[in-house]
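Trainee: Chains as they are written, first to last, in the numbering used here: chain U, 31 to 291; chain A, -17 to 298.
Hints were generated in silico from the structure; no laboratory data involved. What you are looking at is a predicted structure, and each value in this text was computed from that prediction instead of being measured. The beta-carbon is built from N, C-alpha and C at its ideal position, and this holds for glycine as well. Hints are supplied without guarantee of correctness; some may be wrong.
List of simulated lysine to any residue pairs, SDA-like, C-alpha gap at most 20 Å [said to hold, decoys possible]:
(1) LYS85/U <-> THR274/A
(2) LYS85/U <-> MET109/U
(3) LYS(-13)/A <-> LEU152/U
(4) LYS85/U <-> ILE175/A
(5) LYS227/U <-> PRO264/U
(6) LYS85/U <-> ASN32/U
(7) LYS227/U <-> LYS85/U
(8) LYS96/U <-> HIS83/U
(9) LYS(-13)/A <-> LEU151/U
(10) LYS96/U <-> LEU151/U
(11) LYS85/U <-> GLU178/A
(12) LYS109/A <-> GLU178/A
(13) LYS(-13)/A <-> PRO150/U
(14) LYS85/U <-> ASN54/U
(15) LYS96/U <-> ILE84/U
(16) LYS230/U <-> ASN54/U
(17) LYS96/U <-> PRO122/U
(18) LYS(-13)/A <-> TYR219/A
Here are a few chain U residues that sit away from chain A, every Cβ distance over 12 Å (derived from the structure) [to be verified]:
(19) VAL55
(20) LEU166
(21) GLY183
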Amino acid sequence: MNPVISVRDLQKTFGSVVAARDINVDIPALQTVGIIGANGAGKTTFVNMITGHIKPTSGTISFAGKDVTGLPSRTICRMGISRSFQVAQIFPSLTVYENMCAAAAIARTNASVFRYALMPLLNEAAVSETEEAIDLFQLSKYRDAPAATLPQGVRKLLDIAMAVAGRPQVLLLDEPTSGISVEEKYDLMEIVMAALKSRKVTVLFVEHDMELVDRFAERVLAFYDGTVISDGSPAEVLGDPRVQELITGHALPRSGSVAHA
Amino acid sequence: MAGGKHILGGLLFVAAAAVGPFLPAWLISLLTIALASALVVLGLVLLWRAGLVSFGQALYYAIGAYAVALMMRWTGIHDAFLAVIIAAFAAALTAFFVGFLLARYREIFFAMLSLALSMILYGVLVKTEALGSTDGFNVSTPTFLGYAPHGFELTVALYWYALALGAIAAVIVGAYMRSVAGALAVPVRDNEIRVEYLGVSATRLIHLKLVIAGTLGGVGGAIAAMSISHVDPAMSYWTTSGGFVFITILAGAGSVAAAFIGSILFELVRTASVALMPGTWQLILGTVLLLTILFLPDGLGSLFTRRRKVAGESAQ
């Protein structure tokens, strides 16, 4: 089976700092991949390059056989790779329902801004899509709450729900559980993973909590010093002595959350 | 609910048109100028909702006004309908070109850059003797598809014309606000990253808003030029832009109707202030602005929405 995402010799340097190097990864469709590594190991850089947030210095990224290296994030998003962010990217002055409406309206049609000016925001299709997404991500309780007032975990859920409004094939989650209490983490991940499974999405998620990785990932990529040092099933990677020495053993907070830039 | 608003708006429009001939000439002229300002303010409201304040909307106002004046001067055609089309086109084209630059900026940089662009036009107009430099020049009497009124009849005709243009603009802007592009104003203001990662360019959306706002500004300028029968560089001066921003604060960004009410109120207060305190009329205007910001931070429009909210709560 052809991989949905194929990364070859990916490099990223910021001046003399090498943020990512020699990354070669193939992700088959519908796989759930956990990405681990200490702060500054290149996880977010990797996610940022795939989603077009930053351009790689060299190397190629293909998505479903098409080269997407260096394309604008907007284009990549329209092609089917979406993402959530470490800090939830939502619209604070709108309610949850309005947030989802905006996302559904944009996602439903890929049009120029001129056509958007002629398209009414609310039609039946958009409304039913919005309602369905709100149910799927269990946001009904917060439906009419302004997004600015939401608890951290719900913000993350909303961010992810908006990211999949466009029915992407691939979703990258950058630390979906950062800033969330230990008790809430599992509930959040259960909701997210169940929703993504039902939407048939290939998922890559950056995570610091190894128990979560062990539980939700089918495959784990361990990053160290800008490159992948271990790649395999959670048991293989978490049992790898190099991973234990360099990532999980120390320098990494086990559970509990550390937000970093 | 939108239907109810349209019916109310339609009734107000008919009432405003019907009382026209019975009003004193000075008041009709005042209302015509207020309608011209309201069009500019509608454009500012669109930008305001996306978090942008333009301190240079007089650029499009002046372009529209000069386009009308020059058309009449150079071609000898005095038709008010053609004049407005040409003014709208000239302003839209200007907005389209400066939009490539402006749409990339936000916040204070957007405000100052838009101000700078309008001041460039001011500088050019002041230095161009062919256009009368600081004095400007007179605008010929407009005709309406062959109908050539004079005196009081002309004043009323222009008022009706401005009223009709205002109504058309209100309907179009209202429809735009309910469109996908219009509804994305708050998302653009709140979080451009998410807008981009939903697959839409925030910059292009802002560019579109700039063109719509610029076109409205141009039409406003055209009405003003025909009503005052004169154009001069002060129409592009930053205090003119400031006046439009003043009305936008007074009206608030919440509703289309508020732009019209705000503009009329502004013209009335200004005229009354000048009559009461000729030397220091700005004092009254400033006080009004201060009180608005203190007691109605969301503008006049919030009076309606606030009352509706209270009514909704007591109904529950």
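Trainee: Would you mind marking each hint as holding or not holding in the structure?
Mentor: Now the hints, each set against the structure:
1. LYS85/U <-> THR274/A: Answer violated: LYS85/U to THR274/A is near 48 Å, above 20 Å.
2. LYS85/U <-> MET109/U: 17 Å, holds
3. LYS(-13)/A <-> LEU152/U: 18 Å, holds
4. LYS85/U <-> ILE175/A: Holds, at roughly 16 Å.
5. LYS227/U <-> PRO264/U: Holds, because 19 Å separates the two Cα atoms, which is no more than 20 Å.
6. LYS85/U <-> ASN32/U: 24 Å, violated
7. LYS227/U <-> LYS85/U: Roughly 30 Å separates the two Cα atoms, so the pair is violated.
8. LYS96/U <-> HIS83/U: Between LYS96/U and HIS83/U the Cα gap is close to 18 Å, so the pair holds against 20 Å.
9. LYS(-13)/A <-> LEU151/U: Distance ~18 Å between LYS(-13)/A and LEU151/U Cα, so the pair holds.
10. LYS96/U <-> LEU151/U: Violated: LYS96/U and LEU151/U sit about 32 Å apart, past 20 Å.
11. LYS85/U <-> GLU178/A: Holds. LYS85/U to GLU178/A sits at ~16 Å (cutoff 20 Å).
12. LYS109/A <-> GLU178/A: 43 Å, violated
13. LYS(-13)/A <-> PRO150/U: 17 Å, holds
14. LYS85/U <-> ASN54/U: 16 Å, holds
15. LYS96/U <-> ILE84/U: Judged against 20 Å, a Cα distance of about 18 Å means the pair holds.
16. LYS230/U <-> ASN54/U: 24 Å, violated
17. LYS96/U <-> PRO122/U: 35 Å, violated
18. LYS(-13)/A <-> TYR219/A: 36 Å, violated
19. VAL55: 22 Å, holds
20. LEU166: 17 Å, holds
21. GLY183: 18 Å, holds
The structure is inconsistent with the numbered hints 1, 6, 7, 10, 12, 16, 17 and 18, although it conforms to all the rest.
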